[in-house]
Structures are given as structure tokens and as C-alpha cells.
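Novice: The residues making up each chain are set out below.
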Amino acid sequence: MHNPNVPETLHGWSILHRLYTFDRRGWAALAPERQSAIQSETLRALGQLEGGERHDLALCQVLGGKGDLMFIHYARDFEALAEAEMIFSGLELNDYLQPRDSYVSVLEVGRHRATARIHEELHDRGLEANSAEWIGAFDQALAEEEATVSARLWAQIPRRRFWCFYPMSKKRDDTWNWYALPFEERCRLMAAHGAGAKAYHGLATQVISSSTGFDDWEWGVDLFSDDPIVLKKLIYELRFDEVSSHYAEFGSFMTGLRFSPAQLPEFLSGRAVPRLLEVKEPELAAAAR
Amino acid sequence: MHNPNVPETLHGWSILHRLYTFDRRGWAALAPERQSAIQSETLRALGQLEGGERHDLALCQVLGGKGDLMFIHYARDFEALAEAEMIFSGLELNDYLQPRDSYVSVLEVGRHRATARIHEELHDRGLEANSAEWIGAFDQALAEEEATVSARLWAQIPRRRFWCFYPMSKKRDDTWNWYALPFEERCRLMAAHGAGAKAYHGLATQVISSSTGFDDWEWGVDLFSDDPIVLKKLIYELRFDEVSSHYAEFGSFMTGLRFSPAQLPEFLSGRAVPRLLEVKEPELAAAAR
Amino acid sequence: MHNPNVPETLHGWSILHRLYTFDRRGWAALAPERQSAIQSETLRALGQLEGGERHDLALCQVLGGKGDLMFIHYARDFEALAEAEMIFSGLELNDYLQPRDSYVSVLEVGRHRATARIHEELHDRGLEANSAEWIGAFDQALAEEEATVSARLWAQIPRRRFWCFYPMSKKRDDTWNWYALPFEERCRLMAAHGAGAKAYHGLATQVISSSTGFDDWEWGVDLFSDDPIVLKKLIYELRFDEVSSHYAEFGSFMTGLRFSPAQLPEFLSGRAVPRLLEVKEPELAAAAR
Amino acid sequence: MHNPNVPETLHGWSILHRLYTFDRRGWAALAPERQSAIQSETLRALGQLEGGERHDLALCQVLGGKGDLMFIHYARDFEALAEAEMIFSGLELNDYLQPRDSYVSVLEVGRHRATARIHEELHDRGLEANSAEWIGAFDQALAEEEATVSARLWAQIPRRRFWCFYPMSKKRDDTWNWYALPFEERCRLMAAHGAGAKAYHGLATQVISSSTGFDDWEWGVDLFSDDPIVLKKLIYELRFDEVSSHYAEFGSFMTGLRFSPAQLPEFLSGRAVPRLLEVKEPELAAAAR
Amino acid sequence: MHNPNVPETLHGWSILHRLYTFDRRGWAALAPERQSAIQSETLRALGQLEGGERHDLALCQVLGGKGDLMFIHYARDFEALAEAEMIFSGLELNDYLQPRDSYVSVLEVGRHRATARIHEELHDRGLEANSAEWIGAFDQALAEEEATVSARLWAQIPRRRFWCFYPMSKKRDDTWNWYALPFEERCRLMAAHGAGAKAYHGLATQVISSSTGFDDWEWGVDLFSDDPIVLKKLIYELRFDEVSSHYAEFGSFMTGLRFSPAQLPEFLSGRAVPRLLEVKEPELAAAAR
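Going down the list, the sequences are from chains S, B, L, G and Y.
With the working numbering applied, the first sequence corresponds to residues 1 to 289, in that order.
With the working numbering applied, the second sequence corresponds to residues 1 to 289, in that order.
With the working numbering applied, the third sequence corresponds to residues 1 to 289, in that order.
With the working numbering applied, the fourth sequence corresponds to residues 1 to 289, in that order.
With the working numbering applied, the fifth sequence corresponds to residues 1 to 289, in that order.
Check the hints yourself; a few may be wrong.
For identical chains, the list gives no copy identity; a pair is met inside one copy or between any two copies.
[Unchecked claim] Each computed EDC-like pair below joins lysine to aspartate or glutamate, with the alpha-carbon atoms no more than 20 Å apart: (1) Lys198 with Glu8; (2) Lys198 with Asp227; (3) Lys171 with Glu146; (4) Lys170 with Asp227; (5) Lys198 with Asp226; (6) Lys170 with Glu185; (7) Lys198 with Glu237; (8) Lys170 with Glu121; (9) Lys198 with Asp124; (10) Lys170 with Glu8; (11) Lys170 with Glu184; (12) Lys198 with Glu242; (13) Lys171 with Glu185.
No lab work stands behind these hints, which were simulated from the structure alone.
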């Protein structure tokens, strides 16, 4: 039975963010051959978890004391995510990592407008809501939507140098209660929000994931760009949007510099800041904007 | 003396959720015979605490850094719950487990509509409220209710792969105060909420337990399903309900993958993600939906 | 100078709640003679602090991970309380106890209605408010009140098996501000609250203590009963009271099973759940309901 | 340039509250000569920091688990305060003290009414606000005020047995916003508040210090009395004041028993509760009420 | 595409605040030659990070228990900031420093009024908003602004003895929502705020940095002065401003005494409070007021 008040959402990668502090001094005290062995084990494991059909992986050097290293795991489903977590937790490198924070979510593409459009079409075709025929047609229309946005649902993690992350929820306050708004009003507000973000097309890549039922906020937002000021400007400008100013609640923000898993030894050595990634996004990631 | 403003509730299992992080690296460093000995002790103890008249037990691999292992203890009463906690705390495995969070509650079946119906019937029979005769009739009617829902009060823990848990309370805000609403209004809102959940019948199994007086929120909610997206959709959709959008406050959410206590050695070894449980729910659990 | 807007309160025992986790595994690793020695030292100290004119003491096995052991200290005054705390802190048992939480308060019997009655009587006698004569008469009337409720002010800790504790304050919100209400309105609300609690007379014993100026909330509430469901029902039912629903703010709740200090070795051994206390309340405690 | 909307304040001692837990068991395990050496070093240092022109010092045995020992440092200015903190941090006693909390503030005497009076006088003398002549006259009047209250600004720490401390701020809520009130209304409310406190003249000694810009709340309040119930009654009664009930926000409260630095060895030994200080306040402290 | 509702901001240094506690007792136990070696390594590294084109650095002795040492890092961009953090984290001194808090931000000069002025000029020139010509003219005007305030964007850290720091955000409450105000109203409020701060010109130096997207609040504020009472008075007085009283939310405050990196050995030795810096601000810093 379809609830006409609730917009459909389509789901892609299962995502786990894990933030660690790194015991740089303890690591530096290890013998070089011990460092090498641990690095080899780690790189082998990360290799399994990066860039495939079943997993993807990003590493970021986090700025400030919230943590030193962020691992972003993508997995095909919760089974694959649990597997990735277990592989990682068994690595010897963990003796030098202290977990600080994490976030569990599922990549989501919201379909506010598409849901409204499908409702309208089915109504125009004279189908009775939630009749067997209606449900069949609805499911078919949704499957077509899913095919359309599949590249966004299953895009690799954007390969850009600067990154920030924050969780957010919609407010349920005395006056401003997102969940008490009519469906049409929510559609209007989300459309205006999307329009505001368009000015940043090509400058930043956004990944929205849903955590309702899985973690403490309703969504997690990852932003990637080649310029950290773009991240700041985008978030600041959208804060003046009607939907953000009245209905958005934000959690803790963190930021950092993405580097390739292959550069991990440089990060661990502390002798040089890892170089910038090649700033060439694959087509899938471009589609995810 | 019966307070006509307060709905009756019926109580089943006493429940303790305990969340732990697992020292996977410390465990891996143990000699195999030491691991075997600890596993044997643990499995013997868990065997006592699973699937009987006096206790039941579920284990979940938790996703993300809030913890690694969730133990859900069911017990016949607080004495049995205290016993389960003490048995578990004495196990050697505790040297490799760090407690992170817990929740104390009692499985509850709310009887908003039944309470209203009994009131009406007794009134129709011409009984004076809170007279001796009225109280006798009320208690008898309630005992009949209890017999009716007994299977739900004493159902085993649902045997489904994916699980999430969150605590919640009803709001007592300036504008939206559940406890200041008339009884009839509360009945109406709860009935609408129940209707919304019906779309998920068979797809998810819900266990509501009350923690008023025992822990920091008023209720704990466990949801089990064969598909984690179902958990997310159910919670998201109900958030648009009138009662949830205006009166619900939610605590911290966590999610994970249930496995059988017999699979604990696999979890501890980290060599393989525990396999899916047989997804066959006993009749009692089915009744608990 | 008496402030006619402020109800009088009468004060009895100074109270300290101390919550600890117990290092059960560390304790179990001790040689039996070492355990015996520590137990003997502890029992001697607890003997001094239990059931006398100057001190009383209760121990509870706490359910869940907030802690394992709650010590409730009663003392004649703050000097005696400081002494109890210092005696306890010096015990060797502390090597196996980790402090988790505490609460400092003074047993209080509020006299909303009595204060109003005395005001009225003095007014009827034609005394000028806050005149020397008025103050003398007021103080005498209050001393009579104190004699009347002395048994409640100095009752021993109720000897019942199940216990819960929570701190609370009165709200000072935009709309609902207890401290901005007229004195008469506060009297009316407290009287209705007391009437609601009467249904539980004999089923539960309540101890209210004030912590204004001493700890983070305004009151601490201890409830004792022979049935934990009674605790839950009492708190749930009172939450619908006008004064609770609009003006009460609640802190963290915890619950457990009271046992006799003499049973501490059983608790420490983990071999058996301590047996139920003799459920016979002394007269003083009965009076405290 | 003087802002007519802002009351003048006069500033005395720079104050640092430092709260510690004491490792009583670790201390007790030390050899007596080691204890003696550490005590001697500590007493020499505390002697430098107590009762002089440049520093004063109070020690309190704190009740409950928030901490065991409170050190209240007074210093002539921030340089002297930094010096006191550094001297204290170098003591060997720190191996047995664990810092738990602290508060940085400056003793403040608010001049709401005096500011209003000076404004009025300068206006009556026909001076133009913020003209050079006006500013000269204002500064002179304020210097006279400072001379008048100098004894309160530089009073030693009150020598009374029982003490409590809490931080507080003025609310800036939707409805009740202290900083948006007209100056005259703030004057009226503060005058009424002061009148309410007068009933406790001689029974309690209050020290207000400001922490705007220095620590997390706007003020810190220390109260001293010979009877802890007086502390509780004073705070409770003032909570019904118009300004407190609507505009005050309170932080965490703690309470304890003041003792002389010379009694520190008794505290450390745990063999006896330190005796009561001589309850004779010097004139300066009396003036600070 | 330019959003006319959002004021332009210009960005300078990337900033990292890092707060540490110092293990003074552990340090004191080191052999003098070990102390010397660590000091030398530290001073060499700090020398690289202070006072250049690419980095600047300030050290403060923090008052109270939030921490002992604050390092304020300025860097040309996020790459340079990541480099500074990595250099610092590898120092042996870290064995005696415990990280407590941090803040990531970018020095910002807001251009509310300039943005409004440019809009007006372009409109007066008859340009169509967001036309290619308009955007070119706008970008040119903004580049001129940036040249004008360049000295403030790239000023060295103010060389004054007393310092305080706090993060802040603008409120998005039911009633007072900064982000829902019209652009003109925001301009008016910010102009009035700036006028209020003018009374402190020359007495205090303020550095505003933005953390939207990077850390948990929207701005960080550093204030420097030769007198700590000036810091307190400035913050207190501005709190009565319309924009602060209604729209500002403040985080945690901390304060301390700035000293030169070359004085670090004195700080570490604990034998003397570091002397006051030469209070001569370079021209750039003066411009930053």
C-alpha cells in the first residue's frame, strides 16, 4: 500500500564513514621492517575494498583534532558493509588507530518531483489509487526512475582533493515541522533548494545518504571539490534557502584532504603531505552531481 | 483506583540491551587453545540464556563505531534479568569486551483502544466507575485481554537477519504535549499510527518495550527484517504520521546483523562474516508483529 | 523575613547516592584470602554506616551498564555525610569500583498546604505579616509541623526489593514556568499530584530529597516497591498529572534490586543473585509513604 | 564612548576554581616519609598563595563524585593567576590529583543603580552625553564608586564552613531575553532581586564573579554559610524572583566543606574529617555580603 | 550565478586552533639533556611555522583546566594547514601534550555593505542582474574590494598579551532566524554591530574566521588586548546589540596569555611565567582591527 504523503527514494551504496586518530609517535617508534609489513597488509586489504563492483573506498587526512584519518567505505549492501568493517578491524594497523566517530547510511536519491509526477500520470490514466493496477503501474514507473538514476546510485566516490562531511535532519519544532507539511509544499521547497545548488554545478560534487533507522541523524552529506572555499560558499549560500533556514538541523562538521590509498605510506611516515589526486572524475561521479 | 485518563498496558519479558566493542586485536593475539576455552565457557553460558521459558537471547554484529556486538537479553522478570547480567559479566570473554551502552525495559503491549472499550462496556452495564463491582469487572476484562495478547508478550526474539534499535519518548513541549492531550485524542492518534504500520505487515517485526522509571527514554523499539531498506522505509514513512511528527522524540539509532550465538566463534575469528540465520520465525514471533 | 510566595520545607537526612561499576573480572582473579580480607574491612565499615542514629545505608544491584552497584548513604548532616564519604573512599574495595555518578541532596518534606494554612491562621488572628509577633507565631507553627512529620524526615531507607531513582526539576520555559506561578496555583497543582499518588499507597514507598544548591537538578526521587511494574506504572500514571505534564523535567533514570550489606560477598562472588530482603518495613519507613 | 544601555561593573580579584578527584588509594600506598615530603612541598606552595595582597586561596572537601577537592584561587590579575596555576601544577601532589573541572572569572560588583544615578546627575548638570566634560565627570563618579566598594572587590575568601558554587547566565530566549530589555527594566529587576537576598544578610556570604569572555557561562556564584540548609533555602527562595524565574539559566551545582590549607594533611590521610574553621569572618568579607 | 540574498565574503589565512594539556610532571621527570633535545626540535619546527608568507603561529598559556597550551596556526591554504598539522604532530613534544580541542576555519572579511553598494552601482549602470556583463562588472568590483582589505586578510596574528577565543553561530530559532531575514535588514544589523565595536578601536584586536562547512559553529572569534578586562567589557557590551541579543549563539569560551614561541622553554620549565611580549603591533595587524 502506497502512502501518497511520502516521497519515494531510491537506494544505492551502503556507506560507512569511520574516523580515527593516528598514533603518529607510536608508529614512528616502530622498526622500518615492521612498518613495511603492516603497510603491506593494509594496502592488500584496502585494494580489495577500493574501486570494485562490491566495494569502494576513500581516505582523507582530516584537519583538526576530531581525528586524523577518515575512511569512507562504500559497499553493495549491508552484508558487504559488515564484511568490509570486519576486514578492516582485523588489520594490524588498528594498533595505531583509535576510533573516534562513525556514520552508517545508504546512498539515496530522493524523488519528490518524480513521485508527484507519477501520481499525476496514474490519476490522469483513471487508475484508482492503491488498486492492483495502480500499484503495478506505480512500481513500473519507479523502476524506470531507478534505471534513469542508476549511475548516481552506484557512482564511485568522487575523486576530488577537498572534502567535508556533516549529518543533518529535518526539524520537527513547534513552528517549523517538516513532517507536518503537505506533500506539495515539501516538493516546492526541495525544488527551490535544488535550484540554489545548481550554481555550483561542476565546482562541487555532493553525495547524499540516508541514515533514518541506522544512525543518529536522518541524512549524511559528503561534499567534494578542488577548492575548500567552494565547499564553504556552497553550504553558506544554501543556508539562506527557505528549506534550509527553516527546516534543516545540522550536526558536527569535519573537513579534510582526500588522498589515494596508495599514498597511505606517505601519510603514515609524516615526511610529506600526500600529493593531490589526479583531478579527473570518472563519468559516473560526474553524473552524481 | 483506576485513573480513566491512563491507558492500560500489559507487560511481558524484562529486556536488557547491552552494547560492547570487541578487542579484536587482543583476541587475535591469544593462543588458539585459550580462545577455545573462552569460547566454550561463553557458549555454555549463552546456551542457558537462549530460547527457554526463563530467558531468551539475541546477538547482533553492529555496524559502525558505536559498538561491535549487541546482546539482547530477555528474562522472565527483573530477578531473572539480574541473574542473566551477572552470569554474563563473570565470563572471561569480558576481558575482550568494553561496555558502551545499555537499555533496560519491559516488553509492553499498549491497550489504548481496549481500555476505551472496557470503559464503555462497564458504563453501558450501568456500573459506577471505581466501585468495587466496576473494579472487579475491569480486572476481569483486562485479564481476558492479557490472555489474548499473551503470545505477543512472551514471544521469542524475532529470527530475522537485519535489526535496528532506538529509544523514544513522547514530547512534552510548549505546544505539543502528549501527556496533556485528552484520552480520546490519544486513542485516535495511536490508532492512525497502527494503521500506517500495517503496510509493513510481514516485512518487519517490531518489539516495543517500556522503560518509564527504568531508563532514560520512555520506550525502546527493536525492528527486525530480512531487508535493511525495509527498516529505513518503515521508520521514514511513519515519521509523517500525525502522532510521530508532532509528539515523538527519538534517541540514538543503531543497526546491525543478527546471528546465532552458535556463530559467535566465527564472529570472534573475523575470518568470515557470520551467515544468515534461517529466516523462519516461530509462531510466537509471527504473532508479535 | 518570611517570603509569602515561597512554601516552607522541612529537612531530614542528608543523602548521597554513589553509583559504581564493579571490576568483576579483576575481583575474581584475587586470591580467596585477599577477597576475605577486603570483604571484612568493607563489612566493618558498612556496619558503622547502616541503621544507626547518625547514618543509614542501602545497596542496590543496578540493572544495565550505567553501573553495577548503587550505595545510598543517609547521614544526620553534611559533616556526617562527608565522614561517610571519606570512610568509604578509603576502603580497599575501591580498587575494584569505578565511580560513575553521584547525587547530593537533603530529604525534604514540602509543606505547600501547611504554609498556606499557617498564613491564613495568622491572618485570621489579626497579626501583621512579618511583624515580630507574626514571625514568632509562624516559627512555632512550623516547629509543630516538623514534629508531626519527624518520622518521615528521619525514616530509615525503605526495605523493599526493587528500587528506581531519578532527578527532576520544575520547568522554567517560555510558557510553563513553575516559579512564575502564583502560590495558590502551585498549592492546587501539588495537592492534585499528591491525590494521584494515593492509589499506590502501600504498593510503593517514595523518598523525595532536595538538591537545590547542592547538585544539578532540584530534586532526587527514590522509589521502592516489591514489584518493578508498580514503579513503572506509578511514574507513568503521574506523568499525566497536570503538574507533571506541564512543569516536570526529568533526568536520567536507573533501577535495580536492593540487597542487604551483609549479602555483599554474594554479589561480589557472582555465584548467586542475592536473595530477597525480608520485606518487612519498619514503622518509620511506612510513615514515609 | 559610553554606551548608556550597559551598566558599569567594577572588577576585583581574578579567580580560578579548580576541581580535582583525589587518588586516595594511591596516596595511602605511599611510604610515610614520601607523604611527608609531598605535604611539605604542597603546604609551602599553598602558603605563598593564601591570604596575601597578591593571592588568596580556599580549599573545600567536595561532596559526591564530581570531585574530591576544590581549590579556589584569588589573584591580583591574570598574570598572578597564571603564576598561581603554574606553581600549583608543578607540585608532586598532582600525581594523586585528577583535574575534573575549572572556572575562570573576575570578581565583579555590578552597578546598575549607580550607573543610572550617575547618568541622571550628569544630565541634571546639563552635560551633553559623551562630551569630553561628560566623560570626565562620569569617570570621576565611577572612581568614587570604586573606592566605595573597594572592600568588596578585594575581600578575602569568606571563612565559613559550608560552600556551594554554580555558574549562571541570563537567558536570551524567544520570549525572555535579558539583553533585549530596556536599561530601566533591568535596573528594576536587579533591585528587586537584591531586596530578596537581604533576608539572608549575615546568614550567607555571596561572591559574584563575571566570566563573560573567559569561560562558558556569564557569571560564577560562590555562596558560603555556617549551615548548608541556608544555602539551599537562599537559592530556592530567589528562584521565585521575577528576574531569576524568567531570565536566569543555571549550570552545574556543587557543594562542600571548606577547610584550612593547614588541614590538608588530615584530608589526605582520610583518618578524620577536617575540623570546622574558626567561624570568624574578617571585616572585609563581612563587607562583601 | 550570483545570489542577491547572500553577502560576499573575502577569505585570507586558513586557521587551525589546537588546545593541549601539558604533562608537566612527566616533563619535569625528564633528564635535562632530553628536555633540551626536545626543545630544540620543537623550536626548529615552530620557527618554520611562524611569521612567514606561508605560515604564522601564536602560543598562549590557557587559564583553567580546559587546557594548558593553545597553538594558533595560520596557513596560506588548506594544503599548508595540513602540512603544519603534520609537522607539529610528529614532534617528540607530543609525548607530553594531550589534545583537548581544536577549531578549523578561514579568516574572513564580510562585505555586507560593499555587496549592497556594488548591487546598487550595477543597477544604476543599467546592467541586468546575472547577465554576462553584470557578472564581469561584479567580479571586478569584488576584486577591488579584495585589494582594499588584503592587509586584513593576510595580517599576522596580533601581538598582544591577553587573548580569548569563542565560536559562534547565527540563530535559526522559531522567532529569531538570521537566515530568514531580508538582506537589507541583515546589513542594517551588522552595521550597528560594527558601530558598537568601534568604541574599542585600539584597545582590542579582533580576528573573525568562518568555519561553515569545516567545523561545528559558523564562526570563530579571536580577541587580543593588553588588558583582559577590555576583552570582557567588549564582549559584554556587544551582547546588548540588537544582532547579538537576538541572533547570536555562543559556544565555549577560553582565555589565556600569549607568549613568544621562543619563550616555550620557560613555559615548559614552570620556573617562571613567560614575560610579556613586546606590545608593538606590526602595521598589518593594526589594519586588522
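Novice: At most 20 Å between CA atoms: does that hold for Lys198 and Asp226 within a copy, between copies, both, or neither?
Specialist: So Lys198 and Asp226 pass the 20 Å test inside one copy only (17 Å; across, 38 Å).
Novice: Treating 20 Å as the Cα threshold, decide for Lys170 and Glu184: within, between, both or neither.
Specialist: Close inside one copy (16 Å), not across copies (28 Å); limit 20 Å.
Novice: How would you label the pair Lys170, Glu121 (within, between, both, or neither) given a Cα cut-off of 20 Å?
Specialist: neither (29 Å within a copy, 39 Å between copies)
Novice: How would you classify Lys171 and Glu185 at a CA-CA limit of 20 Å: within, between, both, or neither?
Specialist: For Lys171 and Glu185, the Cα distance is within 20 Å only inside one copy (15 Å; across copies 24 Å).
Novice: Can you tell me if Lys198 and Glu237 fall within 20 Å by alpha carbon in one copy, between copies, both or neither?
Specialist: within (12 Å within a copy, 28 Å between copies)
Novice: With 20 Å as the alpha-carbon cut-off, assign the pair Lys198 and Asp124 to within, between, both or neither.
Specialist: neither (31 Å within a copy, 28 Å between copies)
Novice: Measure nothing new, just compare the shortest in-copy and cross-copy C-alpha distances for Lys170 and Glu185 to 20 Å and report within, between, both or neither.
Specialist: So Lys170 and Glu185 pass the 20 Å test inside one copy only (14 Å; across, 26 Å).
Novice: Using 20 Å as the alpha-carbon threshold, which applies to Lys198 and Glu8: within, between, both, or neither?
Specialist: between (22 Å within a copy, 18 Å between copies)
Novice: Could you place Lys171 and Glu146 in one of the four classes (within, between, both, neither) given a Cα distance threshold of 20 Å?
Specialist: neither (28 Å within a copy, 37 Å between copies)
Novice: When no copy is named, should Lys198 and Glu242 be tagged within, between, both, or neither for a Cα gap of at most 20 Å?
Specialist: So Lys198 and Glu242 pass the 20 Å test inside one copy only (16 Å; across, 34 Å).
Novice: Is it within, between, both, or neither for Lys170 and Asp227, if the alpha carbons may be no more than 20 Å apart?
Specialist: Neither. Shortest intra-copy (28 Å) and inter-copy (25 Å) distances fail the 20 Å Cα cut-off.
Novice: Given identical chains, is Lys198 near Asp227, meaning Cα to Cα at most 20 Å, within a copy, between copies, both, or neither?
Specialist: Cα proximity of Lys198 and Asp227: one copy only (17 Å, versus 34 Å across).
Hint compliance for this structure: hints 3, 4, 8 and 9 are broken, all remaining hints hold.
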